[in-house]
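2 protein chains.
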Amino acid sequence: MSQLVQEKLAQATQILDEFDTDLWLTFVRETSMQPDPALELIADVDVTWQSAFLISRTGKHTAIVGNFDAENVRLLNAYDEVIGYDEGIGEPLRAALARYNPRQIAINYSEGDVAADGLSHGMYLVLQRLLQDTPFADKLVSAEKIVAALRGRKSPTEIDLVRQAVATTEALFDEVEQFVRPGMTQQQIAEFVHERIEAQGLDYAWPKPFNPIVTCGPDSAIGHVAPGNVVLQPGHTLHLDLGIKQNGYCSDLQRMWYVLAEGETEAPPDVQRAFDVVRGAIEAGRVALRPGVPGWQVDAVARQYIVDHGYPEYMHAFGHLLGRSAHDGATVLGPRWERYAGICELPVEVGNIFTLELHVVVPGRGIMSLEEDVLVTADTVEYLGTPQTVLRYIQS
Amino acid sequence: MSQLVQEKLAQATQILDEFDTDLWLTFVRETSMQPDPALELIADVDVTWQSAFLISRTGKHTAIVGNFDAENVRLLNAYDEVIGYDEGIGEPLRAALARYNPRQIAINYSEGDVAADGLSHGMYLVLQRLLQDTPFADKLVSAEKIVAALRGRKSPTEIDLVRQAVATTEALFDEVEQFVRPGMTQQQIAEFVHERIEAQGLDYAWPKPFNPIVTCGPDSAIGHVAPGNVVLQPGHTLHLDLGIKQNGYCSDLQRMWYVLAEGETEAPPDVQRAFDVVRGAIEAGRVALRPGVPGWQVDAVARQYIVDHGYPEYMHAFGHLLGRSAHDGATVLGPRWERYAGICELPVEVGNIFTLELHVVVPGRGIMSLEEDVLVTADTVEYLGTPQTVLRYIQS
Chain A
6 MSQLVQEKLA QATQILDEFD TDLWLTFVRE TSMQPDPALE LIADVDVTWQ SAFLISRTGK
66 HTAIVGNFDA ENVRLLNAYD EVIGYDEGIG EPLRAALARY NPRQIAINYS EGDVAADGLS
126 HGMYLVLQRL LQDTPFADKL VSAEKIVAAL RGRKSPTEID LVRQAVATTE ALFDEVEQFV
186 RPGMTQQQIA EFVHERIEAQ GLDYAWPKPF NPIVTCGPDS AIGHVAPGNV VLQPGHTLHL
246 DLGIKQNGYC SDLQRMWYVL AEGETEAPPD VQRAFDVVRG AIEAGRVALR PGVPGWQVDA
306 VARQYIVDHG YPEYMHAFGH LLGRSAHDGA TVLGPRWERY AGICELPVEV GNIFTLELHV
366 VVPGRGIMSL EEDVLVTADT VEYLGTPQTV LRYIQS
Chain B
6 MSQLVQEKLA QATQILDEFD TDLWLTFVRE TSMQPDPALE LIADVDVTWQ SAFLISRTGK
66 HTAIVGNFDA ENVRLLNAYD EVIGYDEGIG EPLRAALARY NPRQIAINYS EGDVAADGLS
126 HGMYLVLQRL LQDTPFADKL VSAEKIVAAL RGRKSPTEID LVRQAVATTE ALFDEVEQFV
186 RPGMTQQQIA EFVHERIEAQ GLDYAWPKPF NPIVTCGPDS AIGHVAPGNV VLQPGHTLHL
246 DLGIKQNGYC SDLQRMWYVL AEGETEAPPD VQRAFDVVRG AIEAGRVALR PGVPGWQVDA
306 VARQYIVDHG YPEYMHAFGH LLGRSAHDGA TVLGPRWERY AGICELPVEV GNIFTLELHV
366 VVPGRGIMSL EEDVLVTADT VEYLGTPQTV LRYIQS
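Protein chains in written order, with our numbering: chain A, 6 to 401; chain B, 6 to 401.
Rather than coming from a laboratory, the hints here were simulated on the basis of the structure.
Be aware that one or more of the hints could be misleading.
Once the Cα atoms are required to be at most 25 angstroms apart in a straight line, the calculated DSS-like pairs of lysine-lysine come out as [as the list claims (entries may be wrong)]: (1) A:250 to B:213; (2) B:144 to B:213; (3) A:213 to A:144; (4) B:213 to B:150; (5) A:213 to A:250; (6) B:213 to A:213; (7) A:250 to B:250; (8) A:213 to B:250.
Predicted model only: the values in this text are computed from it and were never measured.
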């Protein structure tokens, strides 16, 4: 992974230059308990005591960490200077800042972007205290734009890793289709997926109790709910929302099946129409997704498509970034609701990988929900993998 | 785990009363990316959108979460009121605060205690904005005392769980002793432990790359360093620092072996003396550990013991709390250094589980480092498990 860190650090230097920012400070402690999601991009190690990672616009980088962690940071071969300390970080931190003498210091917090918000409030107060009576105390600004760009603009290596995770997930869906029979519970289906994930040494893109989400027919709760005892029945839909993490990068996909009832050879019209409308909305959204467009405009196209076809709008965002995490921070393709304030105004950028997802409910049948992973390039939006364009069937 | 949550919530109500605090608010989002270590004590679920957990002194509790997460929180059977929302948390949060009408609101941040510092700085700013122009904006105080007490005072169920994790770890050390031969590398020894941990379906108390830490002889780096290619040799020490997580609770233990050289039947005097001094210091520290004593005084006893016996002092704390996490926050048995400011002044309490740990270096032989896990009761300090009182041997 150390090659990836070096790739991202080189990118970070360019981004600092683009945003005319002299220094980016990531201030953390006990990262196995209080992780900063941005740290894995620039250091990919855990640290214990108060630690400072200084990335400068000049391309020179300094890490200040407890002596017990210093060797691990040196092994990254990514920092020109690794300073270990025993008693306190205050003095070496102030000395390093004096050497860089930055006009402004971008630090790791953000109101809107959880992935750029690794600084705890307690640590913010600690930093204020360490810098009081220095010229640096008044130079602190949010690093959210820097982190969002660094995380959001995937490098070629990162794109390959997500593509691989998507391919692995599609193969899992094929295995599920072979395994599933009417009469099975949500839990049995989830357990099968867990066994296959663990047999391949893969990780989960989000916590295992809700991964996969398995929705069987009209009696399943919708949302982030653990698979329960609802039994899969003929005439119902089966829905899986599954994300794996492979070599540190995630997939996040949803697939749909219909369980044929006796005598049926295809889905009834209400089910087929719901599939077509959900699929159509995802494709309409994909076409609207272009560099420079703010996230909410992409959501609005998919949302309007659903409403125009007579279904109620979905109560979530149409898409989110995907990468190191399933919810990879920053730009959201979501409506202008309080809870997406700021992040749905951010523009789509080249190199972004988004999920596109939405659902409708088919009364008496279950939900109809699809999710695809796509890459934004300069002139197109590419599906990473094979989108579901046809409703899949399970025989009774 | 839901029984544990109910146990801790009942305890929380008593603690709020003890500290004369009306309401404790835990404000979080995307907890799988930005976890609050205190949330697992009071809710043990992941939530996605901005979420508020309100624990009141009256014993009534309210959770306000995104609609997609509401069902999971209801399933805990721990909150009198679970309010789901779609567009934004502001209105339901202000309404709930108005109903409780607290004199002060303790929120989830702390300068000194990472385990009580789950509120990010960005989320602190969000909360300020949501509460501006309300009477609640001026009532925010740190919940650090409440979290430290709740986390630090282990319930009987929690004590049993740590005791079990310690027993499991001791059995792993016995297996290691059977497996290890001179000529093996640190990495081979670590891989054996990983296989045994995973075969038993256990988790790691801290990240796997540094768990166990394996130190072989004088050429191993000391600290949080991944096992490398150093080969175990006769006449050297072997040291393991290992922590597992079993049923959500951790162990954290260090054990020492000496590899007998040809013709030796016991360790040479320099090695044996180092073992005796380290063991003696741990026992002296245990005797000094009593309810009401501030952490630094316990450290001082062990530190003085080492120095009095002619070794240089160790450059870390003598002990930390242990429980849900290996470094379980709050009180540290550490010296009055900048980096332990505040947390080494906190008093030891009944129900605390501490590690006791320190090391010395034996020139040409390797390090000598022990760590035990102990429980503080009203009138004694009990080893959880069997402390290492005799240096163990590996035959050549």
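Checked hints:
no., hint, verdict
1, A:250 to B:213, "holds, 17 angstroms"
2, B:144 to B:213, "violated, 42 angstroms"
3, A:213 to A:144, "violated, 42 angstroms"
4, B:213 to B:150, "violated, 31 angstroms"
5, A:213 to A:250, "holds, 11 angstroms"
6, B:213 to A:213, "holds, 18 angstroms"
7, A:250 to B:250, "holds, 22 angstroms"
8, A:213 to B:250, "holds, 17 angstroms"
Taken one by one, the earlier hints fail for this structure at numbers 2, 3 and 4, listed in ascending order.
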